[in-house]
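Novice: Residues per chain, in single letters:
Protein chains: 2
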Amino acid sequence: MTKVSIIGSGNVAQHLIQAFQSNSEIELVQVGARNKERITHLLDLDRITSDYNQLQFADLYIIAVSDDAIAEVSAQLPFENRLVVHTSGTVTLSALATKNRRGVFYPLQTFSKDKAVDFTTIPICLETENEEDLQTLNRLANAISNAVYKINSEQRKALHVAAVFVNNFVNHLYQIGNEICENNQIPFEILKPLIQETANKIVTLSPKEAQTGPAKRNDLTTIEAHQQFLTDATQSKIYTLLTQSIQNNGKKL
Amino acid sequence: MTKVSIIGSGNVAQHLIQAFQSNSEIELVQVGARNKERITHLLDLDRITSDYNQLQFADLYIIAVSDDAIAEVSAQLPFENRLVVHTSGTVTLSALATKNRRGVFYPLQTFSKDKAVDFTTIPICLETENEEDLQTLNRLANAISNAVYKINSEQRKALHVAAVFVNNFVNHLYQIGNEICENNQIPFEILKPLIQETANKIVTLSPKEAQTGPAKRNDLTTIEAHQQFLTDATQSKIYTLLTQSIQNNGKKL
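Line by line, the protein sequences are chains A and B. Numbering of the first sequence is given in this note's numbering, commencing with residue 59 and proceeding in unit increments. Numbering of the second sequence is given in this note's numbering, commencing with residue 59 and proceeding in unit increments.
Worth flagging that the hints you see were computed from the coordinates, not collected in a lab. Where a beta carbon is used, it is the ideal one built from N, C-alpha and C, also for glycine. Just so you know, nobody snuck in bad clues.
Straight-line C-alpha distance at most 25 Å; calculated SDA-like pairs for lysine to any residue:
#: 1; chain 1: A; residue 1: K274; chain 2: B; residue 2: K250
#: 2; chain 1: A; residue 1: K250; chain 2: B; residue 2: S203
#: 3; chain 1: B; residue 1: K215; chain 2: A; residue 2: F246
#: 4; chain 1: B; residue 1: K295; chain 2: A; residue 2: N236
#: 5; chain 1: A; residue 1: K266; chain 2: B; residue 2: G68
#: 6; chain 1: A; residue 1: K215; chain 2: B; residue 2: S303
#: 7; chain 1: B; residue 1: K250; chain 2: A; residue 2: E212
#: 8; chain 1: A; residue 1: K274; chain 2: B; residue 2: Q293
#: 9; chain 1: A; residue 1: K266; chain 2: B; residue 2: L299
#: 10; chain 1: A; residue 1: K215; chain 2: B; residue 2: E240
#: 11; chain 1: B; residue 1: K274; chain 2: A; residue 2: A174
#: 12; chain 1: B; residue 1: K208; chain 2: A; residue 2: P245
Every beta carbon over 10 Å from chain B, so not counted as near; a handful from chain A, in silico:
#: 13; residue: R105
#: 14; residue: A133
#: 15; residue: D191
Have a look at the derived ranges for each label pair, beta carbon to beta carbon:
#: 16; chain 1: B; residue 1: T156; chain 2: A; residue 2: N306; range: 38 to 44 Å
#: 17; chain 1: A; residue 1: N204; chain 2: B; residue 2: D126; range: 44 to 50 Å
#: 18; chain 1: A; residue 1: N196; chain 2: B; residue 2: D126; range: 54 to 60 Å
#: 19; chain 1: A; residue 1: N196; chain 2: B; residue 2: R275; range: 30 to 36 Å
#: 20; chain 1: A; residue 1: E212; chain 2: B; residue 2: S152; range: 52 to 58 Å
So that you can see chain A by itself, here it is in the shape it has in the complex (with noise of 0.2 Å):
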């Protein structure tokens, strides 16, 4: 049974103590909140602590704050040599405060507040500084998640943009689609299927193979006419540079 104690009280810590408290290989000791109000809800008051010198010994504590306060959360924590990790896509290992054995547990996916997640699904990227303390993430990731990936700070970093194209951005063209239906008195309804279509295909096809539409098969007239549809500047940038960019990928073939 792997002993953990989360600190934080946002939507990643929200979720990860529900994820711990539901599972019968984990005991989740105790939660450092600021805000003991925000998590009353998900645990007993006598298991949440605004004291960081209130924290009793556990395996490892997770970090679970906004990415500029996990140094200073690090610092301020009064033990030393015990494993410390935290949940963020961006920071380094190094911004842990070095008195204690520093790690990464960075559960990759896009947490709403209202919405219940699957954790057997989520990807979680794990990073340690040594062998030992590496084992003890994976037994706990395991414990939760079937998706677990040993990971460093440089491919992490370079994961966390993978994700903002294929989910920030992606759900920005979800929205310059939204606009254009609304702007023509069309139901967005109507894209859902094919938004979710789009996403299933890339489960069983390369992006690559999956690749469709005018720019991938150089129909300029069919470009040329969607240019001059989009009287919106910024979206007629984004529609030239993304269709340049389909363009030249095919000739990389």
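For this one, chain A is given, so just place chain B on it according to the hints.
Specialist: Relative to the frame of chain A, chain B by itself:
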């Protein structure tokens, strides 16, 4: 029972043949195809003709050929005053020869040759010149799909542009994510749950509500770090443009 014939043997034609054949409310009379052998695995040879003069009476004829062949094929049909529709997202109704009653039957989905589709969830966009023909198309569309919409030529053009954003461009962003992973020895698998969740989120949230990430929260440190990470000029341009678009969007709120 709606009697329908299809002209064409490509991707869309093949998926329609399969959907119509398995449906008790539809009688697939014939398929007109230059290359009979492309569809002999789908229906009996005596219902395939390469000679348009052999086309028998049907309630409607669906021209499912490439965009630039639609006008010519419609002109070659040897009959008049019957209902003839095409399946294109980009071609206007007026491209069809005027000797027949014209319409559009546009299934909004990305069809892959080897991937079965569930037609019940595919939106079908209809346009006709008169109400009676709309009823015929409605009957046919509702027999195979639960998502039937009346969409005029101008709206269909908008819809196609929107579809390019949420399908073609989104898939290209998946590919960039894949490339970043490959260049850093990270399995692309690791991003797939995030891709699925991104698509799932907008079933219940609007894309604007679902937007997260460094651009949305104006996290300039992370944006700067990502821009330094991206050495590929095109990827860097796409990152900058989409980040700006998300940021400006916030201001519009």
